[in-house]
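Take a look at the letters that make up each chain.
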Amino acid sequence: MPAVCLEDVNHEYGSTGGRLRSGSDRTVTALRNVSLDVERGTIVGLEGPSGSGKSTILHAVAGLLVPTAGTVSVLGTDLTALSDRGRTRVRRGHVGIVFQRFHLLPSLSARANVALPLVQAGLSKSARRERASTLLTQVGLEDRITHLPGELSGGERQRVAIARALSTDPDVLVADEPTGELDTETGADVLELLTDVGRDRAVLIASHDAATLAVADRVVTLRDGTVVEDER
Amino acid sequence: MSRRFGAALRAVANLRHVPTRTSAVLGIAFAQIRRSPRRTVLAVLAVALVVLSVTLLASLGVGVVDIGEDGLESANRGIWLSGDPVDPSASGTENPIVGAHDVTAELDERDDVSSASPIAMYEIYVGTDPGDLERTSGVGVPGTHSGFDFQRGGGYETDAEDAQEAMTSGEPTTEEVVLDPDTAERLGASPGDTVYLGTSRESAPEYEFTVVGTSSYYSQYLGSESTAVPLPDLLAVAGTTGTDRATFITADAADGHDRQTVAADLDETYPEYDVRASDEQIGAMLEERPLILASGVTLVGLAIVGGIILTVNLFALVASQQREELAALRAIGLSRWVLSGTIGAQGLIIGLLGGVVGLVSTPVLAAGLNRIVAETVGFERLLRTPLEVYAVGFALAAVVGTIVALVAGWRAGRYARIAHLEA
Chain A
1 MPAVCLEDVN HEYGSTGGRL RSGSDRTVTA LRNVSLDVER GTIVGLEGPS
51 GSGKSTILHA VAGLLVPTAG TVSVLGTDLT ALSDRGRTRV RRGHVGIVFQ
101 RFHLLPSLSA RANVALPLVQ AGLSKSARRE RASTLLTQVG LEDRITHLPG
151 ELSGGERQRV AIARALSTDP DVLVADEPTG ELDTETGADV LELLTDVGRD
201 RAVLIASHDA ATLAVADRVV TLRDGTVVED ER
Chain B
1 MSRRFGAALR AVANLRHVPT RTSAVLGIAF AQIRRSPRRT VLAVLAVALV
51 VLSVTLLASL GVGVVDIGED GLESANRGIW LSGDPVDPSA SGTENPIVGA
101 HDVTAELDER DDVSSASPIA MYEIYVGTDP GDLERTSGVG VPGTHSGFDF
151 QRGGGYETDA EDAQEAMTSG EPTTEEVVLD PDTAERLGAS PGDTVYLGTS
201 RESAPEYEFT VVGTSSYYSQ YLGSESTAVP LPDLLAVAGT TGTDRATFIT
251 ADAADGHDRQ TVAADLDETY PEYDVRASDE QIGAMLEERP LILASGVTLV
301 GLAIVGGIIL TVNLFALVAS QQREELAALR AIGLSRWVLS GTIGAQGLII
351 GLLGGVVGLV STPVLAAGLN RIVAETVGFE RLLRTPLEVY AVGFALAAVV
401 GTIVALVAGW RAGRYARIAH LEA
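Keeping their order, the protein sequence lines are chains A and B.
The letter at position 214 of the first sequence is residue 214 when you use our numbering, and the numbering goes up by one with no holes.
The letter at position 208 of the second sequence is residue 208 when you use our numbering, and the numbering goes up by one with no holes.
In short, the hints are calculated from the structure, not lab data.
The beta-carbon is built from N, C-alpha and C at its ideal position, and this holds for glycine as well.
There's no promise every hint is true.
Among chain B residues calculated to face chain A with C-beta under 8 Å, some are [unchecked claim]:
1) T20
2) A24
3) L26
4) A31
5) Q32
6) R35
7) T40
8) V41
9) A316
10) S320
11) E324
12) A331
13) S335
Which stretches of chain A does chain B cover? Using the computed rule of at least three CB atoms under 8 Å from a CB of chain B, they are [as the list claims (entries may be wrong)]:
14) 73–81
15) 112–124
16) 197–211
Next up, chain A with everything else stripped away, as it sits in the complex (with noise of 0.2 Å):
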């Protein structure tokens, strides 16, 4: 059974929800008939132009959106059937989020922001500060710790946004454009690391770097929402 499965996806922006924007018939296709799945222990990299569909994906398998269409499994749950409350608890416990540009609370410690995700599940202080300390640990910035965002690199920042993902030791990454913050030699770093936590997981990544996508075990080309190229 692969870690993530879409289905004959399709999306349409605007179409559910209609928060009150400009003419309730003005929709945006984001998806057209797209199925996937990534096995664990494969980086899969999605690759296209803005507005192809990449982040649409990422976003329905972390069970931020629900597709107009199609099935989204995550480890064979299926997250289009589960409520706002049963797909977050699925990305809670399993899938672990890198954004393109870190975010990462100013105001706490490397530590403390690694920390956050275990918060919510209720762990005491001890254990959250242990356990993010032995992530920073695993991503070379145990020198780090106590330092707060500003006072780190780009390279470092996405480091620790990378610790925070795996902080509730998630199944599945996913990762939207992960170097498009930094240069190049700091993004080899951070997608030699990616691929190194990504070993035992599902991994996908968002991108339109040449370098990024050549971490990949495998990548699907995306235009106008649809599958033009997989590489299986």
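Got chain A; can you put chain B on it based on the hints?
Quick look at chain B alone, frame taken from chain A:
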């Protein structure tokens, strides 16, 4: 059944985590507050200002009522005759009742009046050194009484013969004074010492008086430091024994006579004077206050609204600045409650801190204001801070803190949505 059991178990597990989550949320809130000291100080000051505006105005209100009540109660006189409505702030400048001793004698003879006594006020200069005189209020009264509550020494009496002699000769005869305790302290004068006293710097060295005691009786009533001088002596040093001027005449209604009725009767008999019963007097004093009260209440209202808006906006801004982070944290699985909690807790902490700062500075500022008021206007302890004032201040801080916490937390919760991710 097993599903329900599972849900129940999860609910229990969730409850079990509430304390750890709460402490974590507070920890994050504290960290954010600590890392933005300027913002924190600004917000704390805003709340402190709100609390202070309320506690200080409340202290002022308590003080005004206390002083008014003290003054009129201790004045212990039922009916007042004056040329104009009594304005304590203009004390000592006008003595509109001419032939005060005659009027007093007339009043004394009435059946419905048990006793009457004239009071004159002059600005006087007093000092132990004729070259170093201090200006103060001189209150001319025929004698002191037990209500004076002397701090040191005792009082004086003017006997009829001395009074008559002073009135005819134009020279002081009793030559005794009761100083305000603060005046006495500044002059370094104790009972038994000699002071020089007159209505001008030039005339004062000519008149020697003996300090017989210290009391703040008239100071409390008039609201400025006052020296009690035998009435004929005061008229003599002022050179007005001829016209026999007084500021007002006080009269007590005789037993069995209603004060209001006597006052009304006197008002008819003496149309040239303003006659009031003393409870009307407090009414007359308060008549001029509604505007001041209204402006005070308006100011406090504005301070409260302004403070809340400033603080709420500050934290809504904090939430707005961090909306991407909040959305990201929501995406990685933190609940809206935890995220709202981190921002809301900051509001609450700020509210309480501001409250404490406001309450702690209340007595300090009240003391400072009291000193300024005492030096400029003469009212002692105009601002009074009973426990209730602090209770009101603290309740307000808690209310402000809670409102800020609720609004800021709610805003943060709104920002903690996926829609704000990578916006």
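Against the structure, the hints come out as follows:
no., hint, result
1, T20, "5 Å, holds"
2, A24, "4 Å, holds"
3, L26, "11 Å, violated"
4, A31, "5 Å, holds"
5, Q32, "4 Å, holds"
6, R35, "4 Å, holds"
7, T40, "11 Å, violated"
8, V41, "15 Å, violated"
9, A316, "17 Å, violated"
10, S320, "14 Å, violated"
11, E324, "6 Å, holds"
12, A331, "6 Å, holds"
13, S335, "6 Å, holds"
14, 73–81, "violated (count 0)"
15, 112–124, "holds (count 9)"
16, 197–211, "violated (count 0)"
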